[in-house]
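Same order as they appear, the protein sequences are chains A and B.
Heads up: the first sequence begins at 37 in the working numbering, then just goes up one per residue.
Heads up: the second sequence begins at 183 in the working numbering, then just goes up one per residue.
It should be emphasised that the hints constitute simulated quantities derived from the structure, not laboratory data.
Keep in mind that the hints are not guaranteed to be accurate.
[Stated by the list, open to error] Only pairs whose alpha carbons sit at most 30 Å apart, straight line, appear in this in silico DSBU-like list of lysine-lysine:
{"no.": "1", "chain 1": "B", "residue 1": "K261", "chain 2": "A", "residue 2": "K134"}
{"no.": "2", "chain 1": "A", "residue 1": "K134", "chain 2": "B", "residue 2": "K262"}
{"no.": "3", "chain 1": "A", "residue 1": "K105", "chain 2": "A", "residue 2": "K88"}
{"no.": "4", "chain 1": "A", "residue 1": "K88", "chain 2": "A", "residue 2": "K134"}
{"no.": "5", "chain 1": "A", "residue 1": "K134", "chain 2": "A", "residue 2": "K105"}
{"no.": "6", "chain 1": "A", "residue 1": "K105", "chain 2": "A", "residue 2": "K39"}
[Said to hold, decoys possible] One side only, chain A facing chain B, incomplete, derived with CB under 8 Å:
{"no.": "7", "residue": "A49"}
{"no.": "8", "residue": "G51"}
{"no.": "9", "residue": "R52"}
{"no.": "10", "residue": "A53"}
{"no.": "11", "residue": "P57"}
{"no.": "12", "residue": "H76"}
{"no.": "13", "residue": "Y82"}
{"no.": "14", "residue": "G86"}
{"no.": "15", "residue": "S133"}
{"no.": "16", "residue": "L135"}
{"no.": "17", "residue": "F137"}
{"no.": "18", "residue": "T139"}
Positions of the beta carbon are idealized from the N, C-alpha and C atoms, including for glycine.
Here is how the chains run, residue by residue.
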Amino acid sequence: DAKTTQPTSMDCAEGRAANLPCNHSTISGNEYVYWYRQIHSQGPQYIIHGLKNNETNEMASLIITEDRKSSTLILPHATLRDTAVYYCILLSAGTASKLTFGTGTRLQVTL
Amino acid sequence: SQTIHQWPATLVQPVGSPLSLECTVEGTSNPNLYWYRQAAGRGLQLLFYSVGIGQISSEVPQNLSASRPQDRQFILSSKKLLLSDSGFYLCAWDYGSGNTIYFGEGSWLTVV
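This is chain B alone, in the form it adopts within the complex (with noise of 0.2 Å):
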């Protein structure tokens, strides 16, 4: 069966450092990959997706990016966190719209 791994779970960084987070998806491949933010008590945003490896679109423009080094890979990075890049991140994936779309447990961040 399919699995999705998000982590840190949790993650307390000061204004100004490095955000790395990371996904992977087990038990499928050449999925559709995606990261949705949650502010507090705010609905979910969906930040970038990726079609293929190498392959990412983004939707809102931000102080983050995003990459695609494997197939079953996802990473959403920032080289200098904002106090408003924190939040509830949310890495999912899919087949294509018509399927079924699931979500890891998320990361929360809080930039201090």
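So here's chain A without its partners, still in its complex pose (with noise of 0.2 Å):
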């Protein structure tokens, strides 16, 4: 089962900030907290992932709440091609990354 909550739909204009919340209240200090999205009938893209601090890349920020227990991920300005459903997924430091893949949520981008 996945430990992490995510809201099953969200609506964004294009051009705003879409942020997607995630709760994981039960994560653990070795867990690392990874975001993926997958685009419908293609495999899913790596979007970001953190540990505890706050991370930017090309794509997104990450947004780690100090006790860890939620997160967000914010697409600084959503266009039409940034609809997908977004997995919040949450992975032990091991030798393998086996991906627990939740609902996920299904964020729309509108004109």
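Assembling the complex is the task here: the two chains are given apart, and the hints tell you how they should meet.
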């Protein structure tokens, strides 16, 4: 079972910031927070990941609360191409990355 | 740069027929390799993973098997397909948790 909770769906206007929340209240100290997205009929695409500190890359920013029990993925300027299902996943450090996907958040970006 | 190839992209197979999906990774060595499945309208489920040649771990009991005959080759097989094996199969690779996981483009399997 996935150890994260995400809203089922969200809408965002094109050009605005999309803020996707994720709750992971039972996260353990060695678990990373990963974000992937899946556009229909394609393989999941890596977005960003973090352990404790906030992270930013060319695609998005990841804000992790101090207690690490929740996080927010921020797409600063959403475009229509960002319409996808976004998955927040916890992953323990170890020799193999066994991702457990939940149902994710379906983000619909509109004009 | 590293790339992952998966084939065939789509296939329609009758119930009871065998299956072989292949995945290869280029531009890297000794990766961890994974097979995931996504049934219609559902999330991805990890089926198998491998941390080295000949090393296969199964995550769920099923009608499928996996093999890793070479460092960068991962094969998903079945001797007799079931209707419930239909779905979207994805191969992925990484160097271990804490690193980015890369997925292939997937293979659509329809068992009829």
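Hint by hint, here is what the structure shows:
1. K261/B with K134/A: 26 Å, holds
2. K134/A with K262/B: 27 Å, holds
3. K105/A with K88/A: Roughly 11 Å between the alpha carbons, so the hint for K105/A and K88/A holds.
4. K88/A with K134/A: 20 Å, holds
5. K134/A with K105/A: 20 Å, holds
6. K105/A with K39/A: 11 Å, holds
7. A49: 27 Å, violated
8. G51: 28 Å, violated
9. R52: 27 Å, violated
10. A53: 24 Å, violated
11. P57: 18 Å, violated
12. H76: 10 Å, violated
13. Y82: Since the shortest Cβ distance to chain B is 5 Å, the answer is holds.
14. G86: Check failed: Cβ of G86/A comes no nearer than 11 Å to chain B, outside 8 Å.
15. S133: Interface hint status for S133/A: holds (4 Å vs cutoff 8 Å).
16. L135: 6 Å, holds
17. F137: F137/A check passes; min Cβ-Cβ to chain B is 4 Å, inside 8 Å.
18. T139: 6 Å, holds
Violated hints, in rising order: 7, 8, 9, 10, 11, 12 and 14; the structure is consistent with all others.
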